[in-house]
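J.: Here the UniProt record's numbering is used: position 351 in the sequence shown is 351, and no number is missing along the way.
Just so you know, the hints here were simulated from the structure itself, not pulled from any lab data.
Each hint should be verified, as a subset may be incorrect.
The list that follows gives simulated cross-link-like pairs (lysine to aspartate or glutamate, EDC-like), each with its CA atoms no further than 16 Å apart [as the list claims (entries may be wrong)]:
#1 K115 / D136
#2 K204 / D439
#3 K115 / D439
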Amino acid sequence: MDPALKQRCADMARDLTIPALLHRNATEFPDLPALTLLGSSGTLTWRQVRDEAAVLSRGLADLGLGSGDRLLIMMSSRPEHWLVDLAAASLGAIPSTVYATLSTDQLRYLARHSKAGIVVLEDDAALDRWRPILDDVPEIRRVVVVDRAADDPDGRVISLRHVSVRGAAAHQSDPEAFEKTWREVRPEQPVTLLYTSGTTGDPKGVVLTHHNVVYQCVVMENTIETPDHAASLAYLPLAHIAERMLGVYNAVYRAGHVTICPDPAQLLAALVRVRPVSFFGVPRIWEKMVAGVQGRLAAADPPVRAAVEAARAVATEVYRLREAGEPVPDELAARHAALDAQVLRPLRAALGMDNVLWAGSGAAPIPVAVLLYLASIGIDVLEVWGMTETTGTATINTPTSFRTGSVGRPNGAMEVRLATDGEILVRGPLVGAGYLRADGTVEPITDADGWLATGDVGVLDEAGFLTITDRKKELIINSSGKNISPAQIENLLRAHPLIAQAVAVGDRRPYVTALIVLDEEVAPVWARSRGLPATTLAELAGDPVLRAEIDAAVAAANARLSRPEQVKTYRVLARGWSPESGELTPTLKLRRRIIQERYADEIGALYG
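Taking the hints into account, I'd like the entire structure generated from these sequences.
T.: See the structure below:
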């Protein structure tokens with residue numbers, strides 16, 4: 001980054017907090033739209049958002065929530081989610097959205113680890129899932145349920161309306177109390193706690209500060225030209241760092257208008273309605289978009305297909321020149337403009353992408369072929385890279401500086417270097433405060449010199465563009481960008497005595513599958529005890545009785561996993577693994593790369 005721009009970003013972010021920006025929006029842009037729920041008739045203005053947050057803030061304070069306290073939120077994307085989050089942040093508390101797909105065991109772990117005194121849930125169905133946890137975690141003093149009219153007799157479970165009514169009374173009697181509280185929040189204080197999967201299976205609680213998220217917003221404003229107060233679309237869970245940044249913090253920073261799409265199945269309809277100027281999609285979204293366009297064109301008349309192919313060829317030529325930093329000849333530019341207006345823009349309009357000035361992809365790798373196809377219809381999807389620990393993007397491709405297949409150059413004042421083994425190390429103002437410890441303290445995530453070891457392996461070219469080549473840590477990142485610990489899945493599968501080894505597969509894929517190896521000693525004994533004619537591993541692999549038993553083992557494992565982690569289908573292999581055969585190390589650890597190469601056909605069939 002240019003030193004002058006670096007200083008400008010630092011100056012712009014200095015002393016800002018999310019509550020301060022919310023106050024600015026309510027005073028300078030009070031009547032501008034802030035939040036709309038897709039399909040609803042009403043829209044909250046920035047004044048109304050701030051007023052509602054103030055009331056809920058006083059109500060939560062009445063329940064004992066204060067500065068530094070943790071608050072867990074488990075509800076779908078809806079305005080109340082934003083309001084509760086902003087209310088907690090205005091108290092200096094630390095809101096943490098958890099995925100609704102987590103298992104009961106995982107939710108119990110988060111409740112204990114976070115030591116949250118208050119949990120906010122969507123409805124009675126969510127409350128039923130939490131009832132066993134409440135019995136085990138007495139530290140949870142209150143449970144607030146959004147869609148509920150009555151409180152429990154003991155007062156531990158109350159409605160959000162109860163909180164709002166009490167908060168409104170407190171705010172009316174002493175409005176200065178809220179003003180005093182939010183003004184005490186400092187940039188170095190935590191603004192959120194996001195749990196992300198670790199290689200051991202236990203999630204890690206990443207603590208991000210107000211300065212982290214505000215600085216990311218400032219850098220985005222100075223890197224990508226999009227207008228203030230722009231319309232955007234929120235469709236990812238708020239437990240995802242991308243949606244937190246784009247749907248909450250950047251919207252507050254830019255005083256934008258967020259339309260909330262709670263059902264991803266309605267995303268296309270939402271895009272067509274909102275027509276955002278910027279849009280971030282995980283790879284699976286872009287892959288589906290390409291598949292939809294290709295399917296539509298396949299059914300079109302030959303003249304239409306020919307016109308689109310001609311326009312795509314010209315657009316691709318222009319894209320390649322821009323990527324190389326070369327000028328586009330006037331004649332080519334004119335031809336491209338004409339074909340884009342006549343052919344490609346209507347195609348983008350059907351996708352709701354005709355106003356997009358910036359489109360990004362991240363959270364998982366995206367095939368270059370998908371990027372090139374999108375570019376050929378006028379949608380330049382630019383890859384970014386980062387993690388929750390880097391407040392989202394640590395590197396970024398921009399509309400004026402990009403390399404297809406790379407994840408861009410360092411974002412803002414971030415520094416990137418490679419360790420001797422190729423691991424990517426990052427340093428800078430976007431690196432979070434650390435991991436929450438069970439005792440409430442924060443464990444730093446950097447070394448003594450401020451470098452964060454990311455676990456990803458990559459290469460840097462001569463221009464500073466980073467390309468991810470591998471993953472040092474054994475995490476699966478599925479095509480929707482969800483981090484999944486294979487070790488946790490495999491350990492649960494191996495809990496069944498018939499299963500000696502299991503490998504979870506799903507990196508860059510839409511769901512998890514597994515390769516299962518039977519125990520060479522236990523399986524034949526088990527088979528004989530049931531009078532089965534099959535006794536060898538090769539014979540048992542196809543036996544329907546054994547398959548039913550493995551089905552039950554997989555179902556038992558899935559019951560303890562979140563939906564993205566669950567094994568959708570599996571393959572029982574016909575022979576065992578050993579150090580001698582190459583699938584295991586001498587200490588009986590899995591050689592994952594060898595396994596995936598050796599069983600590529602079997603894995604391919606699981607996704608066929």
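J.: Could you run down the list of hints and mark each one as holding or not?
T.: Each hint, compared with the structure:
1. K115 / D136: It holds: about 12 Å lies between the C-alpha atoms, which stays within 16 Å.
2. K204 / D439: Holds, because 14 Å separates the two Cα atoms, which is no more than 16 Å.
3. K115 / D439: 9 Å, holds
Violated hints are absent here; each numbered hint is respected by the structure.
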